[in-house]
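As you go down the protein sequences, you meet chains A and B in turn.
Position one of the first sequence corresponds to residue 1 (my numbering), numbered consecutively onward.
Position one of the second sequence corresponds to residue 1 (my numbering), numbered consecutively onward.
Be aware that one or more of the hints could be misleading.
Unchecked claim - Rough simulated footprint, nothing fancy, chain B against chain A, three-plus residues with beta-carbon under 8 Å: (1) 107-119; (2) 418-429.
As the list claims (entries may be wrong) - Think about it this way: if two alpha-carbon atoms lie no more than 27 Å apart in a straight line, the pair counts; the simulated BS3-like pairs of lysine-lysine are: (3) 179/B x 82/A; (4) 112/B x 146/A; (5) 159/A x 8/B; (6) 296/A x 482/A; (7) 242/A x 296/A; (8) 105/A x 112/B; (9) 209/B x 146/A; (10) 112/B x 159/A; (11) 195/A x 101/A; (12) 139/A x 112/B.
Hints are computed from structural coordinates only; laboratory data are not their basis.
From a predicted model like this one, the values you see are computed outputs, not experimental measurements.
By construction, the Cβ of each residue, glycine as well, lies at the ideal position given by its N, Cα and C atoms.
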Amino acid sequence: MQGGRGLFVFDDGTFFGAAVMNRMEPQDKAVHDDTADMVRVDSIRKRFPGVDVLKGITFGLKKGRIYGLVGENGAGKSTLVKILMGIHQPDGGEIFIGGEKARIKEPSQARYTYRMDTVFQEHALIPQLSVAENIFLDKLDRFYKKGLIDQRRLQDEAKGALREVGLDIDVTLAAAEFGEDEKSLIELAKALSRKPEILILDEMTAPLESSVVNHVFEVMQKLKRQGKTLVFISHRLEEVFKICDEIIVLRDGNLEGVVRNSFQEDPLPLRKTVITMMTGTERGLSFPEKTGLKVKGEVVLSLENLKSKWLKNVSLEVGEGEIVALAGLRGQGQSRLLRTIAGLLVEDEGDVRISGKRLKRKHPRDAIEKGIFYISDKRDQEELWLTHDVWLNISVTSITDRARLGFIGRRDDRKAVETMVSRLRIETPSLAQIVRNLSGGNRQKVVLGKYLLARPKILLVDQPTMGLDVGAKAEIYHLLRKLSQEGIPTLAVLTDLEEVVNLPDRLLVMREGEIVKEFSKAVMDEVELLDSYYG
Amino acid sequence: MADDRLRKFVLDWYIYIVLVVFWIVSSSISPFFRTMSTFSTIFVSAVPIALVGLGQTFVVLSRGFDLSVGVVASLATAIASVTMHWGIGPSIGLILVVSCAIGMINGLGVSKLGIDSFIMTLGMMFLLTGVTLLIRPSPGGFIPVNFKRFLLYQVGEFPLVPVLILFLTGCVGVLVLQKRRFGREIYAVGGDPESAKMSGVDVDRTRIKVFMVSALSAACAGLFVSARIGSGNAEAGAPYLFDSFTAVFMGGTLVTGGIGGYRGTIASALIIASIGHILQFLGITIWYHFIVKGLLLAGVAGLQLFVVSRERNR
């Protein structure tokens, strides 16, 4: 096992015998029997400037099974998928497909020579092209009739492909017209239309609602019955445990082990095993104590009968020591409410008060000046200058506070930023580090640091832990809690059920632009909560 | 429903509406404008704009710029003026081969070396300006009469061949962009290069082809210009650089790539060609020509943004 840590195979938490371990041994690769691996990854290594992303990974995938691939951000999952798809080339090691050594140079080769396809979470569809064109983008010449694309046949076949995933939409519309749910299914249909033997779903369920996720699972089960090999990558472990036969765990570029799923009623032991393997410790998602329940403090933000195109009569209050969450199904106006408070959207009627004073917002600047900071869920696009360094990213919002006679005091500025970096424990080699090279968790801390330096009164955070791994999530939770104890409350949009139940002191459920229910208990009843989501 | 269809029609064809309105207003202001000979000149002067606009539309749709189109056109007139005495065929062949090579170099630099298209083609512009001046330091040279006659062939006052060229260029441009794999891949690359790559589009190849089309169409524009002026001139292509961008942007193709098309470019080429004439007939000095062009470009682009944002908010 090159560079690998010890290889352990667990069966629901217990050490599993040598029989399974053997399958992983390199000398075994010549064996071709019924249970031979459809895909074998052998000691794959990949190095990017400054980091070893994959340090020698070996495992095998069989036909007719669904594999989970889990690991914290930076564990090497995406790189591994990109190597399998021929987007990156490995620095060492080999890939075998159907027993044959495979050299995958580009995605089309992976797709058409090796029948392996991937549904990516992002960078999937071209917004301007029609759904039909998107599905068959790399083989549009197949539809030529007298040298021109036969739109009717293209559309018919696209409709057929979408039927496979149970989607019935107008395929002539541009992909941009559709929501995340539909886009993911279109992407799945696109991959299925190429009839893959091996299908990798890379975080495809991340933006989906549970009913759509179940739908995707049905499609996966069908493919499994047809003898296809599936790899399912997800940060939501519940989903992994629900669908995957075996779970491959990566940590820091090493294969940590493969766990069998025996689909027990109680997934907790399995969960514990997998999280321990992923993080190297037993810490799972740990939530801070809900201190805001006892100390609400003075009211910082209050809304009175806020009305707009998307909001119906929203009134709420947030006190100094609180974390308040907006929950509900996706797209019920939660994000728009935050954006409205921040002055990015306009209300038709109603008042926004900050510490009791009425606040008019003609421009986002007006809200910022009063200490209302909105943190977008599109962190990389709307919050950060990815190609600039940590210093600039943290300093920029409050930079004029550290100016004398209009000139920025470099030393003061540096000191302020340094204090923030150590206070939030941002892991960066130096202030000159380019933000693009930071992990998701550290990026989010940079965003928080930027606003904390500008002395906020309240934070409006849209999905604060979007796309972060377990460890980073916990850090963000504790940070938000610490801030609330220091008198900076948070009003957050949360979607993950575990977060919704455990993080906030109070919970406001929104439905169709309206707050329909409030929960404020230390322990929330999940059934009652989910019930309130639906009308 | 009928309302929606009307709205869509206006959105799709507004630049043609602008063109027709422009012609009607001009004709009613000046009696000289509403003559066949005026329209004949407009069509003839629109041909090179539409040709450079063809390549530029492809390039802009793929999220790039080609600043070398003007000088490629000049180079074509220069090469034509010194080689046409070998015969028309070999001369045209040489020009097409040279322009293909120029386009390929631009494309390779942009795709394989990752040089920004603005910089790459700016460099190419300077380089070729020098080369063109070496070939033809002062205007002149020989362009055969047959060649001129053919390209400018008129039936009565109707410029048959120029109108045919416009029509054919239009058909080819629109069909390739809308109904060929190459065209759709240009939209994909311009819309989101990363997604296009993931979806199996050969992004580099598409980019190289796009710059080759651009250089080729610029060379064709140069050939037409050489027929019009009857000589080679190292400066002749220069105005077409800006006209190509004006035509592309006024025609509704967005600078960010992936949205737009060639249909609008052609109408804009006709508008640009018309502006000069109406001002001339009104006895206004040429300097106002630029002012009007600038205002029109800003106005049309602004109108378009306004309409698009209204549509999005619906």
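Consistency of the hints with the structure:
1. With a cut-off of 8 Å between beta carbons, the stretch 107-119 of chain A has 3 residues touching chain B; three or more are needed, and the interface restraint holds.
2. By the rule of at least three residues with a Cβ nearer than 8 Å to a Cβ of chain B, the coverage given for the stretch 418-429 of chain A is violated, with 0 such residues.
3. Only pairs whose Cα atoms come within 27 Å are accepted, and residue 179/B paired with residue 82/A is rejected, the gap being roughly 31 Å.
4. Of the supplied pair hints, the one linking residue 112/B and residue 146/A is violated, its CA atoms being roughly 33 Å apart against a limit of 27 Å.
5. For the proposed pair residue 159/A and residue 8/B, the alpha carbon gap of about 24 Å is at most 27 Å, so the pair holds.
6. For the proposed pair residue 296/A and residue 482/A, the alpha carbon gap of about 14 Å is at most 27 Å, so the pair holds.
7. Between residue 242/A and residue 296/A the CA atoms are separated by roughly 39 Å; this puts the pair beyond 27 Å, and the hint is violated.
8. Between residue 105/A and residue 112/B, the direct Cα distance comes to roughly 16 Å. Compliance with the 27 Å bound is thereby established for this hinted pair.
9. A distance of roughly 22 Å separates the Cα atoms of residue 209/B and residue 146/A; the hinted pair therefore holds under the 27 Å criterion.
10. At roughly 37 Å between alpha-carbon atoms, residue 112/B and residue 159/A are farther apart than 27 Å, so this suggested pair is violated.
11. Of the supplied pair hints, the one linking residue 195/A and residue 101/A holds, its CA atoms being roughly 21 Å apart against a limit of 27 Å.
12. A C-alpha spacing of about 23 Å is found between residue 139/A and residue 112/B, which places the hinted pair at or below 27 Å, so the restraint holds.
Figure legend: structure checked against the earlier numbered hints; hints not met, in rising order: 2, 3, 4, 7, 10.
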